[in-house]
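J.: Going by numbering that gives the first Met the number 0, 223 is the number at position 224 of the sequence shown; the sequence numbering is gapless.
None of these hints come from the bench; they were simulated from the model. Worth double-checking, as some hints may not be accurate.
Unchecked claim - Below, in silico cross-link-like pairs of lysine to any residue (SDA-like), each with a Cα-Cα straight-line distance of 25 Å or less: (1) Lys96 <-> Lys357; (2) Lys20 <-> Thr42; (3) Lys397 <-> Pro472; (4) Lys36 <-> Cys379; (5) Lys397 <-> Val35; (6) Lys36 <-> Leu268; (7) Lys105 <-> Ala305; (8) Lys293 <-> Gln24; (9) Lys36 <-> Asp374; (10) Lys96 <-> His122; (11) Lys460 <-> Trp418; (12) Lys357 <-> Glu332; (13) Lys116 <-> Lys395; (14) Lys20 <-> Val48; (15) Lys105 <-> Glu76; (16) Lys82 <-> Arg118; (17) Lys20 <-> Arg369; (18) Lys397 <-> Ile303; (19) Lys395 <-> Gly444; (20) Lys397 <-> Thr286; (21) Lys450 <-> Asp373; (22) Lys20 <-> Lys82; (23) Lys450 <-> Pro319; (24) Lys460 <-> Lys349; (25) Lys20 <-> Lys349; (26) Lys82 <-> Lys349; (27) Lys397 <-> Pro347; (28) Lys397 <-> Trp418; (29) Lys349 <-> Lys450.
Just so it is clear, the structure is predicted and the values come from calculations on it, not from any experiment.
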Amino acid sequence: MEEDAKMIDKVTECPYVVGNKITLQLEGRPVQATIVKTFEPWTNSCAMVLSFDSDLSALGIEGNVVLKVYDRRFSIEQRTFCKADPWTPEIERDLYKYLCSDEGLKFAIEHEKFCIKEREEDHDFMPTIIEEGTGEEQHPQNTCEQEGANENGHTNDNDDANSKGTLFKLSMLSINLLSPLFHAYKMAFRGLLCAIRFFHTGVTAVLPWRHQKAIDIKPQGINRNDEANGNNSTNTYVTTEEQQPSNLDAAVEDAGESEEAAEEEWDYLGSELDFCFFKQFRYESETEAYETMKDLQGIHIPRIFAHTKILGPEYTQDQPISRYFEHPGILMEYIEGFPLPDIAEHAPRKEWQPIIDKAVEIVNDIMSHRILNDDTDVRCFIVQPDPANKLESEYKFKLTMIDFGHTRFRRQYHPGEDWRWWEARDDGEGAIARVMERRLEVDHGGGYIYKRTPYRQMLVKDYMGEHCPQERPIPRDV
């Protein structure tokens, strides 16, 4: 009880509300800001407009900025999609207690490696190399780039080498066994319970409960006279509301409750760990995307001012496991405008064609940076009147693309990979142009006609025709 009393979380409900003040870590010091506006619903991150209480002009921050924070606690749509319970301070305390144990920390490290490996396999990335003595993930063709980035002062505030020390290296031996076996155990146990319920006859089973317990389930006697007289002997096994449950039913019910309790414990703690790892994947992808497209910042994508983070509860800070409770974020330029799907409400009909064509141009410009965005969507474009354009200019509106948390990079693939094959299947321009063409046709009788760009035509010809093999080409040896 005394230990629980020390673990007080000042955050008991979502703090991202207009008018609230929040504290960010910026260049190693706390900075306060007031929330001016929020962009809901929140998916993998929480986005809002901030007004800082202090002068940050030295960082190039003047006026309002957007904070995009990867906070697993309040990423409502993600939690709903994963069927996870709403976050509570009790979840945070339970996760902290679990990670403070040797067993919990070891499993978290191993499960993180399992998630990384699973992600690599899902996207056909090159396998991650674990450098001896560091525990940091390195890609051989990106090592020099990372070293250069470190020289320029770009570091990840959320890296915590302490939590990936000796335990991490030891866990490498069991990573390919423990996580799959854990899930296999759950499936086998669930199958055992189903078999007990299905056969409903004599079974002797050793159920892997938290406290190992051998159970002998004996078959009930069958009245052969009743069977000969045509009475259904299975009535012996039927329990009405007025009857007490049989020993078999009680055993099965107890087994089910124990299994469900064990699953519930894993479900909510395991889900939080999954959220920890995948929000980090998204944050790192978005950070790398903006860095890769540095030449487009302020032109086709927002300018990035700084990387920040929100600390976890005080009882989790300054510890090797702090990173599990911190929430990384990005401070970027605030673009005022309207979303591309609302073009008919804010722009004259004659401008629809050039505006959407410009969006297609931006998508292909981003792809030319050897980036594939798996979340290319019409909602990712903000449209605003462009004061830099003259009235006779073809584009009287400026477009800015946002949201790069679901990006993939050329460097993540084998050097001999046929990158154009991946570009052909991405079809970012179709995700914008075809969708807008169809929407405007349905709602307004037209207003935009999509014509493939020359590069897209070549990709379709080379990779999407009936004569083209659909399987991923085997990477060439380099």
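J.: State for each hint whether it applies.
T.: Here is what the structure says about each hint:
no.	hint	verdict
1	Lys96 <-> Lys357	52 Å, violated
2	Lys20 <-> Thr42	22 Å, holds
3	Lys397 <-> Pro472	39 Å, violated
4	Lys36 <-> Cys379	18 Å, holds
5	Lys397 <-> Val35	24 Å, holds
6	Lys36 <-> Leu268	32 Å, violated
7	Lys105 <-> Ala305	33 Å, violated
8	Lys293 <-> Gln24	23 Å, holds
9	Lys36 <-> Asp374	24 Å, holds
10	Lys96 <-> His122	34 Å, violated
11	Lys460 <-> Trp418	15 Å, holds
12	Lys357 <-> Glu332	20 Å, holds
13	Lys116 <-> Lys395	46 Å, violated
14	Lys20 <-> Val48	12 Å, holds
15	Lys105 <-> Glu76	29 Å, violated
16	Lys82 <-> Arg118	20 Å, holds
17	Lys20 <-> Arg369	39 Å, violated
18	Lys397 <-> Ile303	18 Å, holds
19	Lys395 <-> Gly444	23 Å, holds
20	Lys397 <-> Thr286	23 Å, holds
21	Lys450 <-> Asp373	22 Å, holds
22	Lys20 <-> Lys82	30 Å, violated
23	Lys450 <-> Pro319	54 Å, violated
24	Lys460 <-> Lys349	32 Å, violated
25	Lys20 <-> Lys349	44 Å, violated
26	Lys82 <-> Lys349	45 Å, violated
27	Lys397 <-> Pro347	14 Å, holds
28	Lys397 <-> Trp418	30 Å, violated
29	Lys349 <-> Lys450	17 Å, holds
Hints 1, 3, 6, 7, 10, 13, 15, 17, 22, 23, 24, 25, 26, 28 from the earlier list are contradicted by this structure; the remaining hints agree with it.
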